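A.B. asks: Sequence:
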Amino acid sequence: MATKTVTVTLDNSGNITVSQDPIKVPSGGTTTIVWQIDTRHSQPNTTFNNQSGIAWKVPPPSGRKQWNQTNQPTRVSDTEWQLVDAHDNSSTGGLFGYTINLLVGTNRFSLDPDIENQVP
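At position 78 of the sequence shown (counting the first as 1) the number is 78 in this note's numbering, and the numbers step up by one without a gap.
FYI, nobody ran anything at the bench for these hints, they're computed from the structure.
Remember, predicted model here, so these are calculated numbers, not experimental data.
Check each hint, because a few of them may be wrong.
Computed Cβ-Cβ distance ranges for the label pairs, DEER-style [claimed, not checked]:
hint	residue 1	residue 2	range
1	21	107	17 to 27 Å
2	105	24	16 to 26 Å
3	94	12	18 to 28 Å
4	104	20	39 to 49 Å
5	1	105	35 to 45 Å
6	61	17	16 to 26 Å
7	63	7	31 to 41 Å
8	13	119	19 to 29 Å
9	78	32	18 to 28 Å
10	13	84	26 to 36 Å
11	77	19	15 to 25 Å
12	95	3	35 to 45 Å
Computed list of lysine to any residue pairs in SDA-like fashion (alpha-carbon distance at most 25 Å, straight line) [claimed, not checked]:
hint	residue 1	residue 2
13	4	18
14	57	79
15	4	107
16	57	27
Heads up, the beta-carbon is just placed ideally off N, CA and C, and yes, glycines get one too.
Work out the full structure, taking the sequences as your base and the hints as a guide.
C.D. replies: As structure tokens, then:
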């Protein structure tokens with residue numbers, strides 16, 4: 001099983017950056033994506049939103065596909081979420097939009113990056 005780790009950083013200006021965008025997920029086998037907040041370089045007390053730290057874009061943005069698996073990203077901790085079997089098992093591959101939702105106290109911050117499912 002392959003693992004892709006994505007580092008999420010929230011700077012002091014409220015900008016979110018990710019270490020991989022899009023996250024490239026090869027076909028075949030199982031790939032796990034792990035999103036982790038970079039607590040050393042983010043604003044103090046940055047956490048993922050408890051209910052929707054990582055969420056699919058519904059409906060998907062223009063040029064993106066709707067995720068078709070039943071598995072969903074799950075919360076591991078305040079600073080980590082994961083998605084097991086991150087390939088949608090589509091023979092066409094493509095880009096899938098998702099949202100990162102962060103909190104600092106009651107202040108909300110969001111970013112809409114992509115997952116790219118690759119086909120052979």
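A.B. asks: Against each hint, give a clear statement of whether it holds in the structure.
C.D. replies: Against the structure, the hints:
Our hint of 17 to 27 Å for residue 21 and residue 107 holds, since their Cβ atoms are close to 23 Å apart. The hinted window of 16 to 26 Å between residue 105 and residue 24 is violated, with their beta carbons roughly 34 Å apart. For residue 94 paired with residue 12, a C-beta distance near 35 Å fails the hint of 18 to 28 Å. The hinted range of 39 to 49 Å is not satisfied by residue 104 and residue 20, whose Cβ atoms lie roughly 23 Å apart.
Take residue 1 and residue 105: their Cβ atoms lie about 36 Å apart, and the range 35 to 45 Å holds. Between residue 61 and residue 17 the C-beta distance comes to about 19 Å, which sits within the given range of 16 to 26 Å. At about 25 Å, the CB distance of residue 63 to residue 7 disagrees with the hint of 31 to 41 Å. Separation of residue 13 from residue 119 is about 38 Å and departs from the stated range, judged on CB atoms against 19 to 29 Å.
For the pair residue 78 and residue 32, the beta carbons lie near 19 Å from each other, so the given range of 18 to 28 Å is met. Between residue 13 and residue 84 the C-beta distance comes to about 33 Å, which sits within the given range of 26 to 36 Å. Under the hint 15 to 25 Å, the C-beta atoms of residue 77 and residue 19, about 18 Å apart, fit the expected range. In this structure, residue 95 and residue 3 break the distance hint of 35 to 45 Å, their C-beta atoms being roughly 21 Å apart.
Between the alpha carbons of residue 4 and residue 18 the distance comes to roughly 12 Å, so the proposed pair stays at or under 25 Å and holds. Under the criterion of a C-alpha separation no larger than 25 Å, the hint pairing residue 57 with residue 79 is consistent with the structure, at around 21 Å. Restraint check for residue 4 and residue 107: the C-alpha separation of about 28 Å exceeds 25 Å, so the hint is violated. Pair hint residue 57 plus residue 27 holds up; C-alpha atoms about 21 Å apart against a cutoff of 25 Å.
Of the hints listed earlier, those the structure fails to meet are numbers 2, 3, 4, 7, 8, 12 and 15, in rising order.
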